Every structure is written in structure tokens, then in C-alpha cells.
Amino acid sequence: MTRLSIIVVERDRDRAMRIVDGLMASGTHQVVVIAEETGLARRIADQNPDIVLIDVADPSRDVLEELALVSGPMERPVAMFVDRSDEQMTRAAIEAGVSAYVVDGLQPERIKPILDAAIARFHMFHKMRAELAATKAALEDRKIIDRAKAILMKARGIDEEAAYALLRKTAMDQKRRVADIASQLVMAAGLLS
Amino acid sequence: MTLASLRLGYVPLIDAAPLIVARELGFAAEEGLDFDLIRLQSWAQSRDMLGLGAIDAAHMLVPLPIAQAMGLGPDFPAFDLVMILSLGGQAIAVSAALADAMRSNGYGFGFDDPVVARDALMAVAGGRLQVGVPFPFSTQAELVRHWLRGTELEPGVTIHTVPPPRMAEAMAAGELDAFCVGEPWASYAVESGVGALLLAGRAIWAAPPEKGLVLTRQFANTRPEETGRMMRAVWRACRWLDQSGNRSMAAEILSRPEYLNLPPELSERGLLGRLHVTSTGEVRHFPDFIRFHDGAANFPWRSLAALLAQRISGRHGLDATMAMEAAKTCFRTDLYRDHLRSAGADLPGASARIEGSMAHPTAVASEKGQIILGPDAFFDGDTFDPSFPSR
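Going down the list, the protein sequences come from chains A and B. The opening position of the first sequence corresponds to residue 1 in my numbering, with each subsequent residue numbered one higher. The opening position of the second sequence corresponds to residue 194 in my numbering, with each subsequent residue numbered one higher.
For reference, chain A alone in the conformation it holds in the complex:
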């Protein structure tokens, strides 16, 4: 069986490396990473790949859409993966954040292991990103609650524990998050000072 030529379009170097590692573990392929948006269409055409993998949300996807439509007599027709696979696989891929463009006529059993590997890697990034965002939000929440506590302690002459209890009680009465009440208080205090 001939080796498959795969292109990964990804700007982030670390991310690209990990995707390549995942793909190499799924079989013997030739994998090329394109990190630049400049001349993307030409670079891909030069490589004449069997499969192109790209983040679902990458703005350059529309360039690939154009390549997928080109099917002059001299070009290899490229079909979108979603055209030719079972819907479950497509959904899994897009939910994981990867879209794949596959050359027409490539057998599904050759595509599947590559897509599985790509989906697994993209899933991991997705999860990491979500965790990072959650951590950041939690940090922001804590900062704003600390500031609100300080304002209450100063204005009402109470200690930290009492200040937090007050915030929490207000939040519960209003059916809101403690951080939301804190941020309102901080904003109001800013207006008054």
C-alpha cells in the first residue's frame, strides 16, 4: 500500500507537533505541516496531498473549500470528508474541532485510522483550552471577590469572614453568583469614590 500524504494546516508549532505525533502513531504516512496562511492554496496544490486536516474554526478553511471545488481534468478532485463518511464520524470530527478534506476515491478504511488519531488529538486541545478558560475565569472571580470583601470590610467595619458571609447571603437572596454580586459592588463603589 502506498504511503498517504497528509497536510496539517496549523499555526501553533506545539500543537502541530502533537498532531503529527498522533498521526505517525496511526501508521506510516508522509505528514507535512503548513503554518503560513500566505499562498496556502499554492502550497497545498504543490504537495498534492491525499488528506488535509485543519481546525474547524480556522479562517483559512474557506480557501480549502475552493480547492475542494476545483475539479478540472488535470486536477485531482478533492472531496470534503463530510461528503463521504458516515454522519457519526463527521459529527465526532467537527465536535472535536477538526475538519478533513480527502481526495476523491480514497478508501474509507484508509481514512478512518487517520481521522480517529486526529479526532483524539484535537479533543485533547479542546479540553485543555476549556480547562484553561475555566481556570482563568475562576481566578478572575477570586480577584473580584477579594476586592468586594475589602470594600465591605472598610465601609462597614467588619472582618473578612463577615464580609464574605454578607456577599454570599446577598447572592443567595438574589439567586445570583457570588462573583456577580461582587462585581456589581466593585463597579458601584468605583462610581461612588
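Worth flagging that the hints you see were computed from the coordinates, not collected in a lab. Just so we're clear, the structure is a prediction, and the values are computed from it rather than from any experiment. Don't take each hint at face value.
As the list claims (entries may be wrong) - Cross-link-like lysine to any residue pairs, in silico, SDA-like; alpha carbons within 25 Å at most:
| no. | chain 1 | residue 1 | chain 2 | residue 2 |
| --- | --- | --- | --- | --- |
| 1 | A | Lys136 | B | Asn454 |
| 2 | A | Lys112 | B | Pro270 |
| 3 | A | Lys143 | B | Pro450 |
| 4 | A | Lys112 | A | Glu95 |
| 5 | A | Lys112 | B | Met551 |
| 6 | A | Lys112 | B | Met242 |
| 7 | A | Lys175 | B | Pro267 |
| 8 | A | Lys136 | B | Ile231 |
| 9 | A | Lys175 | B | Ser198 |
| 10 | A | Lys136 | B | Arg449 |
| 11 | A | Lys175 | B | Glu217 |
| 12 | A | Lys169 | B | Thr195 |
| 13 | A | Lys112 | B | Leu196 |
| 14 | A | Lys112 | B | Leu245 |
| 15 | A | Lys175 | B | Glu223 |
| 16 | A | Lys112 | B | Ala247 |
| 17 | A | Lys175 | B | Asp227 |
| 18 | A | Lys112 | B | Arg232 |
| 19 | A | Lys136 | B | Pro450 |
| 20 | A | Lys175 | B | Arg232 |
| 21 | A | Lys175 | B | Gly225 |
| 22 | A | Lys136 | B | Leu230 |
| 23 | A | Lys112 | B | Pro267 |
| 24 | A | Lys136 | B | Leu245 |
| 25 | A | Lys136 | B | Arg416 |
| 26 | A | Lys112 | B | Leu265 |
| 27 | A | Lys136 | B | Ala222 |
To be verified - Each pair of labels, with its calculated beta carbon distance range:
| no. | chain 1 | residue 1 | chain 2 | residue 2 | range |
| --- | --- | --- | --- | --- | --- |
| 28 | A | Arg168 | B | Arg449 | 30 to 40 Å |
| 29 | A | Asp14 | B | Glu451 | 21 to 31 Å |
| 30 | A | Gln107 | B | Gly510 | 25 to 35 Å |
| 31 | A | Gly39 | B | Gly510 | 54 to 64 Å |
| 32 | B | His553 | A | Arg177 | 55 to 65 Å |
| 33 | A | Asp14 | B | Thr514 | 45 to 55 Å |
| 34 | B | Pro417 | A | Arg176 | 29 to 39 Å |
| 35 | A | Arg168 | B | Gln436 | 38 to 48 Å |
| 36 | A | Gly39 | B | Glu475 | 29 to 39 Å |
| 37 | A | Met124 | B | Arg467 | 45 to 55 Å |
Quick reminder that beta carbons are idealized off the backbone N, C-alpha and C, glycines included.
Given chain A, put chain B in place with the hints provided.
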């Protein structure tokens, strides 16, 4: 009362205003809806998310659902366009090198005369032109093709897809000689000093349909109550956008970090029809540069679907008759009538017309008596009769 939440996808452009205004000014809430607006990065992403049910509706290029109906996309459930969101809003730009050469020849950058602009461009292009458009199925691609068809330059024209935020960069890198794109990206290129504006899209075709509100047919048919509410909220936002004096406020809202994240001064140019055509600040006033409502702009004429389908089918070797039939089915004039009558929309008597036949605002029969349609002529007098499509 809790609001029913709907997820709407949009690509950050000034013509996303109807969805953003519907949310921010409470038109959605008035209909008992909470619009969860999802910012998307590409048209392919918008299509995929709608096709897989990750969003309920999308702000989408008008030709995109037509291409889907013709089988030129992934195998998704059918899409329907339930209303037009905007006409115009596109601009054609040329590189600084071409602009300089045109200026040396005495061209004045009038922004509104396609024939003069085309002659001036052909005199300096050297028989070749690399043109950027945002997507293979876009009104921008149709405008460029229509403008240059039948000219000596036409054989030397290559059209490429370039993501709008990258247009300026691609032009600076010498990949593009010209592009046609929706605002604010044309103005952004002018601000970056890489090009000059040559023409408004509406100078080529007075009513180029730009974006539409697109749903899956399944959603539109099985959830008529929410579909109607969504359409009325967006329709009222469109009406608000065309009431005088509201555009500056719209620019402020749109420019916020969570939406376009741009200086309001930049988004305002297209919305007010005051475009800086060069980076030295030459301003051209183009009234109605973009239209969201007036002149029955929101009505999804089936003849328009047929026109676009005919043009696309010719380039992809598909049967034109079948393409036009499929396209007409996905422009839901029936839903437009059913859902917007109660909001006070006056509705034209017919659902198709001869496209390109009106050089001026024209009164036609409507359900309430008469309705004024905005002009829709092509600069070269071309017309399209859906009953007798000649080419």
C-alpha cells in the same frame, strides 16, 4: 418570564447588524427570545455548524444555501433562506500600484461608475488580474464576474478565495491585484495603505443580495412558532437599521469587543455610506451603500434564487433547469408571508419578478395596495426573466 434561547451564528461584518441589533435593542426579547450569538471564523464553519445542528440559524452569504441546494457542498439536511438581511455593502478595491497607475492616467476614483472604473483599470492591468473574494459562492464573486464579463480583460482574470481579514495582507504580499469584499474589510485595506477603493457593489448591481437568514428546512418546518418569532425580531431590527439617524448607534454597538472589535469610526464608513477611497482621506458619499430593509429589501424573491443558481450551475457543469428549481425551493417566500404579515410587512403580490428591470424605485401591487420596490438594475442593462432564462 424566561426567554427561549436560540443559537445564531454570524461572521463579524457590518452586515451582521440585524442579528446584533435584534439582541442588543431588545427586538428578540420582545418576541420572547434570547439570541445567543456565536461568532464564527469562516463560511465553511457556519455551514457545517448549521448542517450539524450546532446552531439554529445563521447569517449567511445568499449564494451559499443555493449552492447547497444544488449539491455543491457537504451532504447536510436541506437549508432554507427565510429572509434577505442586506443588499449591497460590498466594495471593490485595487492595489496601491494599480491605483497609482490609474491616477497617473487621470482617473478620479469616483466610486460610482463601473464603466469608467473598468476602462481605467484595463488600461493599466496588463491583461491580468488576480482578484480576491470571500468565498467561492458569494455575491462578491458574482459582482466581479458580471462587471468584467465580455471584456478583453476577462480571460486574464483569476478569482481566488481569501478570508476577508486577510485581504489587505494578501494584497500587500502581491498575491492580489484587486478584491471585492464586504465592509469593514475594504475600508481596513484602505486604512492599512495597501489599496484604494474603486467601486461600490451597488454601482454594478443596484440590489445585490448579500446576506440572508438561513435555517435548516427541518427547523423551519417543525418549529414554526420559534421560526416566526426569530424572523419578526430580525425583521424589526432591519427596519430599525434603515430608519434615519440610527446607523451611528448601530456602528457603536457593532464595534464592541464581543462583536466586531473594531474602532467605531471604521465600521461607520460603510453603514453611513461615507467611504474613504484612499488612505489620504478622499471621501466618497454613496447613499444607501448598504440597505437592510427599505424597498422590500428583505423579501426572498424566488427569481433571485434562480438567477444565482443559473450563474453558479454554468461554472460547475450542472443542469441549469434543475439547479434553478432546487434554488427556488429554498427561498421561502411562503414562510416570509406567513410569519411577517402579522409584524406589519407589506407583501408583494408576486414571489418572482424580472430581475434587473428597475432603474428607479417602482410601485408594484401588494397585499395592502401598493409597495415601492427599490431599484435593482445591472449597470449594463442586463435582465433575468426566471420564466425564460436565456443564458
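Hint check results:
no.: 1; hint: Lys136(A) / Asn454(B); verdict: 21 Å, holds
no.: 2; hint: Lys112(A) / Pro270(B); verdict: 23 Å, holds
no.: 3; hint: Lys143(A) / Pro450(B); verdict: 22 Å, holds
no.: 4; hint: Lys112(A) / Glu95(A); verdict: 16 Å, holds
no.: 5; hint: Lys112(A) / Met551(B); verdict: 54 Å, violated
no.: 6; hint: Lys112(A) / Met242(B); verdict: 22 Å, holds
no.: 7; hint: Lys175(A) / Pro267(B); verdict: 45 Å, violated
no.: 8; hint: Lys136(A) / Ile231(B); verdict: 21 Å, holds
no.: 9; hint: Lys175(A) / Ser198(B); verdict: 20 Å, holds
no.: 10; hint: Lys136(A) / Arg449(B); verdict: 22 Å, holds
no.: 11; hint: Lys175(A) / Glu217(B); verdict: 24 Å, holds
no.: 12; hint: Lys169(A) / Thr195(B); verdict: 24 Å, holds
no.: 13; hint: Lys112(A) / Leu196(B); verdict: 42 Å, violated
no.: 14; hint: Lys112(A) / Leu245(B); verdict: 20 Å, holds
no.: 15; hint: Lys175(A) / Glu223(B); verdict: 24 Å, holds
no.: 16; hint: Lys112(A) / Ala247(B); verdict: 23 Å, holds
no.: 17; hint: Lys175(A) / Asp227(B); verdict: 19 Å, holds
no.: 18; hint: Lys112(A) / Arg232(B); verdict: 30 Å, violated
no.: 19; hint: Lys136(A) / Pro450(B); verdict: 18 Å, holds
no.: 20; hint: Lys175(A) / Arg232(B); verdict: 29 Å, violated
no.: 21; hint: Lys175(A) / Gly225(B); verdict: 21 Å, holds
no.: 22; hint: Lys136(A) / Leu230(B); verdict: 22 Å, holds
no.: 23; hint: Lys112(A) / Pro267(B); verdict: 18 Å, holds
no.: 24; hint: Lys136(A) / Leu245(B); verdict: 30 Å, violated
no.: 25; hint: Lys136(A) / Arg416(B); verdict: 38 Å, violated
no.: 26; hint: Lys112(A) / Leu265(B); verdict: 24 Å, holds
no.: 27; hint: Lys136(A) / Ala222(B); verdict: 31 Å, violated
no.: 28; hint: Arg168(A) / Arg449(B): 30 to 40 Å; verdict: 32 Å, holds
no.: 29; hint: Asp14(A) / Glu451(B): 21 to 31 Å; verdict: 28 Å, holds
no.: 30; hint: Gln107(A) / Gly510(B): 25 to 35 Å; verdict: 26 Å, holds
no.: 31; hint: Gly39(A) / Gly510(B): 54 to 64 Å; verdict: 28 Å, violated
no.: 32; hint: His553(B) / Arg177(A): 55 to 65 Å; verdict: 57 Å, holds
no.: 33; hint: Asp14(A) / Thr514(B): 45 to 55 Å; verdict: 53 Å, holds
no.: 34; hint: Pro417(B) / Arg176(A): 29 to 39 Å; verdict: 35 Å, holds
no.: 35; hint: Arg168(A) / Gln436(B): 38 to 48 Å; verdict: 46 Å, holds
no.: 36; hint: Gly39(A) / Glu475(B): 29 to 39 Å; verdict: 32 Å, holds
no.: 37; hint: Met124(A) / Arg467(B): 45 to 55 Å; verdict: 48 Å, holds
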